[in-house]
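Residue-level listing of the chains:
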Amino acid sequence: MPFEIKLEQFSGPLQLLLDLIEGEKLSITEVSLARVTEGFLKHVDAQDVPPEELADFLIVATKLLLIKSRAILPQLQLEEEEDGSRLADQLRMYKQFVDASRTIESMYLSGNVMFPRERTILVKARGFVPPVSVTPTVLSEAFRSLLKRLEPFFALRRASLERVVSVQERMTELRDAIVERSRMMFRDMVGGATSKVDVVVSFLALLELMKQRIVKAAQGDAFQDIVISKSE
Amino acid sequence: MMTTALESILFASAKPVAISTLKKMLDVSDEVLLEAIADIKGRFNVESFGIHVIEHEGKIQLVTNPSQAERVAALLKEETDGELTRPSVETLTIIAYRGPITKPEIEQIRGVNCTLIIRNLLVRGLIEEADDVERLQPVYTVSPDFVRHLGLHSISELPDYGDLHENEKITQLIERLQDETSNESSCL
Numbered sequence: 079m080p081f082e083i084k085l086e087q088f089s090g091p092l093q094l095l096l097d098l099i100e101g102e103k104l105s106i107t108e109v110s111l112a113r114v115t116e117g118f119l120k121h122v123d124a125q126d127v128p129p130e131e132l133a134d135f136l137i138v139a140t141k142l143l144l145i146k147s148r149a150i151l152p153q154l155q156l157e158e159e160e161d162g163s164r165l166a167d168q169l170r171m172y173k174q175f176v177d178a179s180r181t182i183e184s185m186y187l188s189g190n191v192m193f194p195r196e197r198t199i200l201v202k203a204r205g206f207v208p209p210v211s212v213t214p215t216v217l218s219e220a221f222r223s224l225l226k227r228l229e230p231f232f233a234l235r236r237a238s239l240e241r242v243v244s245v246q247e248r249m250t251e252l253r254d255a256i257v258e259r260s261r262m263m264f265r266d267m268v269g270g271a272t273s274k275v276d277v278v279v280s281f282l283a284l285l286e287l288m289k290q291r292i293v294k295a296a297q298g299d300a301f302q303d304i305v306i307s308k309s310e
Numbered sequence: 028m029m030t031t032a033l034e035s036i037l038f039a040s041a042k043p044v045a046i047s048t049l050k051k052m053l054d055v056s057d058e059v060l061l062e063a064i065a066d067i068k069g070r071f072n073v074e075s076f077g078i079h080v081i082e083h084e085g086k087i088q089l090v091t092n093p094s095q096a097e098r099v100a101a102l103l104k105e106e107t108d109g110e111l112t113r114p115s116v117e118t119l120t121i122i123a124y125r126g127p128i129t130k131p132e133i134e135q136i137r138g139v140n141c142t143l144i145i146r147n148l149l150v151r152g153l154i155e156e157a158d159d160v161e162r163l164q165p166v167y168t169v170s171p172d173f174v175r176h177l178g179l180h181s182i183s184e185l186p187d188y189g190d191l192h193e194n195e196k197i198t199q200l201i202e203r204l205q206d207e208t209s210n211e212s213s214c215l
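Chains as they are written, first to last, in the working numbering: chain A, 79 to 310; chain B, 28 to 215.
Be a bit skeptical, because a hint or two may be false.
What the hints assert, rightly or not - Okay, derived cross-link-like pairs now, SDA-like style, lysine to any residue, Cα gap no bigger than 20 angstroms in a straight line: (1) 196/B to 310/A; (2) 141/A to 203/B; (3) 173/A to 104/B; (4) 104/B to 197/A; (5) 226/A to 187/B; (6) 196/B to 226/A; (7) 130/B to 133/A; (8) 173/A to 160/B.
As the list claims (entries may be wrong) - Here are a few chain A residues that sit away from chain B, every Cβ distance over 12 angstroms (derived from the structure): (9) 91; (10) 130; (11) 137; (12) 143; (13) 149; (14) 152; (15) 176; (16) 259.
Please keep in mind that the hints were generated in silico from the structure rather than gathered at the bench. From a predicted model like this one, the values you see are computed outputs, not experimental measurements. Just so you know, even glycine gets a beta-carbon here, dropped at the ideal spot from N, CA and C.
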């Protein structure tokens, strides 16, 4: 829940950009965008940007850097001349809606509410009367299409579930093996691997156990086998 | 008289009534119906009259005069909704002025992902989702409840509505930005 609230307070890169530009009392032009680039980048570095929004911030950051670099090296022409003016346009458009939103907010808070009439109390029909057009076929089709729409979601869940279970399993296997032998080679661990995914899972398990300081790993040279030993 | 029938029907129905439904019920031409509606609006939507008419997304509803909000709220013992955060207000504004609008278009204007905010607004009943056959993805409009909460007779009463709603430059910019995004993703 607290995570959601945080997201709600962050209005995104355009808000930050707008704040920076208005903070310096500039109007929205390419020149002013170049001016605030450093401030923007510093903010992104310092602030705790939610990971989902990071991509959006980086997109704006790269556009700013492009504008700034063109300001510094005007002789360097790149094909997409449009980018700079597009960001300025986008920001101007965003500002229009931000201004409009202030009006809407004050209207919303002013309390000039209009109430509709209260719903009339429906006379409950006796017994269950389904709509005429709802046949069993209609129902099964509706359910089928719903399942189809959810299919990618289920597929994703299934796939990630499988993998997680395997890493845990592999970790347990490795830990048990190490307790017994106190030293083994990575090749021993993945000897019976049936696929690349299997090897990756084993490697992830090894990394996790290393992180937990249960095992140590050493590798003589690149691509040589890895020696896994019990941590003391 | 057409207006008499209309007034009675609207009073009897607590929910908004679609203009198309009214047309079928009263069996009249579009002009006659729209004229009657305009007539009712002209008479009702004045400061002194206690009942007002609102129109949203092709539906009409009778509501209380906004100036009487406090008294009516006390009568209905209704509490006004909670506050809106800044991202919510911005998103609502965009949907209000540019609705029906798709999620990607909203995100182009705000420059940031809106999934959670849209879901919150849907849950709170401030916006509505509908399927758009042409655009093959859901479109969003503000809900009648939201329009009523603003004290407006129609969403077009928003300041500068015509300008922001129809604005060609905005439409073009959104389209160009969308092309840009799809080009970027195809380059990846």
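Okay, the hints, checked on the actual structure:
With a C-alpha separation of about 69 angstroms, the suggested pair residue 196/B and residue 310/A falls outside the 20 angstroms cut-off, and the hint is violated. About 15 angstroms separates the Cα atoms of residue 141/A and residue 203/B, which keeps this hinted pair within 20 angstroms; it holds. For the hint linking residue 173/A to residue 104/B, the alpha-carbon distance of about 38 angstroms lies beyond 20 angstroms, and the restraint is violated. Between residue 104/B and residue 197/A the CA atoms are separated by roughly 15 angstroms; this keeps the pair inside 20 angstroms, and the hint holds.
About 43 angstroms separates the Cα atoms of residue 226/A and residue 187/B, which puts this hinted pair outside 20 angstroms; it is violated. The suggested pairing of residue 196/B with residue 226/A is violated, with an alpha-carbon distance near 39 angstroms, which exceeds 20 angstroms. A hinted pair counts as satisfied when its Cα atoms are at most 20 angstroms apart, and residue 130/B with residue 133/A qualifies at roughly 17 angstroms. For the proposed pair residue 173/A and residue 160/B, the alpha carbon gap of about 31 angstroms is over 20 angstroms, so the pair is violated.
The beta carbon of residue 91/A sits about 5 angstroms from the closest Cβ of chain B, which is not more than 12 angstroms, so the claim that it is off the interface is violated. Here residue 130/A does not stay apart from chain B, with its beta-carbon only about 6 angstroms from theirs, under the 12 angstroms limit. A beta-carbon of chain B comes within 12 angstroms of the beta-carbon of residue 137/A; the shortest separation is about 8 angstroms. Every beta carbon of chain B lies more than 12 angstroms from that of residue 143/A, the smallest distance being close to 15 angstroms; the non-interface claim holds.
Annotated as non-interface, residue 149/A keeps its C-beta farther than 12 angstroms from every C-beta of chain B; the closest such distance is 21 angstroms. The Cβ of residue 152/A lies farther than 12 angstroms from every Cβ of chain B, with a closest approach of about 23 angstroms, so its non-interface assignment holds. Against the 12 angstroms criterion, residue 176/A falls within the reach of chain B, whose nearest CB is about 6 angstroms from its own CB. Every CB of chain B is more than 12 angstroms from the CB of residue 259/A (nearest about 45 angstroms), matching its label as outside the interface.
Comparing the model with each numbered hint stated earlier shows that hints 1, 3, 5, 6, 8, 9, 10, 11 and 15 do not hold.
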